Amino acid sequence: MNWKMSRIVRTVTDFLVVPIVIFGIYLILHGHLTPGGGFQGGAVVASATALLIIAYGTLGRHKKDLSTIEAIGLILFISIALLGIGSTMFYNFLAGTGGMFGGTVEGINSGYINTGGTVTLMNLAVGIEVSAALSLILWMMSKETGIMKPEKKTSKTESKEVEN
Amino acid sequence: MKKAIAILAFLIIFAFLILGAVEMRPFGEPEQEDMDDYFLGDSQPHNQVNNVVTAVLFDYRGLDTLGEATILFSAVVGVLTVLRETQKKGGEDV
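Line by line, the protein sequences give chains A and B.
Just so we're aligned, residue 43 is where the first sequence starts under this note's numbering, counting upward by one.
Just so we're aligned, residue 27 is where the second sequence starts under this note's numbering, counting upward by one.
One thing to keep in mind: the hints can contain errors.
Capping the alpha-carbon separation at 16 angstroms, the derived lysine to aspartate or glutamate pairs in EDC-like fashion look like this [to be verified]: (1) Lys46/A with Asp56/A; (2) Lys185/A with Glu111/B; (3) Lys105/A with Glu111/B; (4) Lys106/A with Glu111/B; (5) Lys46/A with Glu148/A.
Bear in mind the hints are in silico, worked out from the structure with no lab data behind them.
Note that the structure is a prediction, hence the values are computed from the model and not measured.
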């Protein structure tokens, strides 16, 4: 049988997942202003995945999508690092040039979101990669321990039931 | 006998720890201060970042972060390989 928790747990999960994901995205996007960053925010987003797996026992069939997102995050990180290879790898070529990520900060300030140059973009890339990677690890391990039912069997039985 | 050896080992290690704690430098006064001053003073003019920790992670020590991300990626590849679905074409469990 498919693992599923009680209605109370599922309802509370529905309410909690959105704030958890938003908090993770906040940590990722404000990595250059406040404590946190790509790794921590990605772990927070992955904890929302853990909550969904435990409450519902399934997440559909998006395993390959998660793999692709993870690879895209890592490739984005490496390409941003290589873009500054004119001087050195990981050179912050966007800092202070104006525009979207090129704002300038000086001395004591309240913190502006459009500063940081490549640091902000790298936080975003690492956040994408870590959230997808930890979700994938949780997914595979929960499936192996039997919390999640194998996808193929459920789909077959469901289709048979529908046909009958 | 085993207990005596354990107590002896504990006392020796504890003595070394106490020795290290007595000879420790005061908090906030490291032996080499040049690197700290460089990071604290130049992370704003160089990177336009308020958070010095993030500036170190993603700019000054970026290769280390790249290694971390690659380790996570290879960990996921390992998990996917070990826990892959082992089913034959007929759909029966092996």
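ask   = Does Glu111/B lie within 16 angstroms of Lys185/A when you go C-alpha to C-alpha?
value = Given that 16 angstroms is the threshold and the Cα spacing comes to 10 angstroms, the pair holds.
message = So if I understand the rule, the pair passes when the alpha-carbon distance is 16 angstroms or less; does Lys106/A with Glu111/B pass?
response = Cα-Cα ~13 angstroms, so holds.
key: Restraint check for Lys46/A with Asp56/A, where alpha carbons must lie at most 16 angstroms apart   = 14 angstroms, holds
ask   = Given the hinted pair Lys105/A and Glu111/B, is their alpha-carbon gap at most 16 angstroms?
value = Given pair Lys105/A, Glu111/B holds - Cα atoms ~12 angstroms apart, limit 16 angstroms.
task = Mind checking the alpha carbons of Lys46/A and Glu148/A for me, to see if they're no more than 16 angstroms apart?
result = Given pair Lys46/A, Glu148/A is violated - Cα atoms ~53 angstroms apart, limit 16 angstroms.
Hint compliance for this structure: hint 5 is the single one not met.
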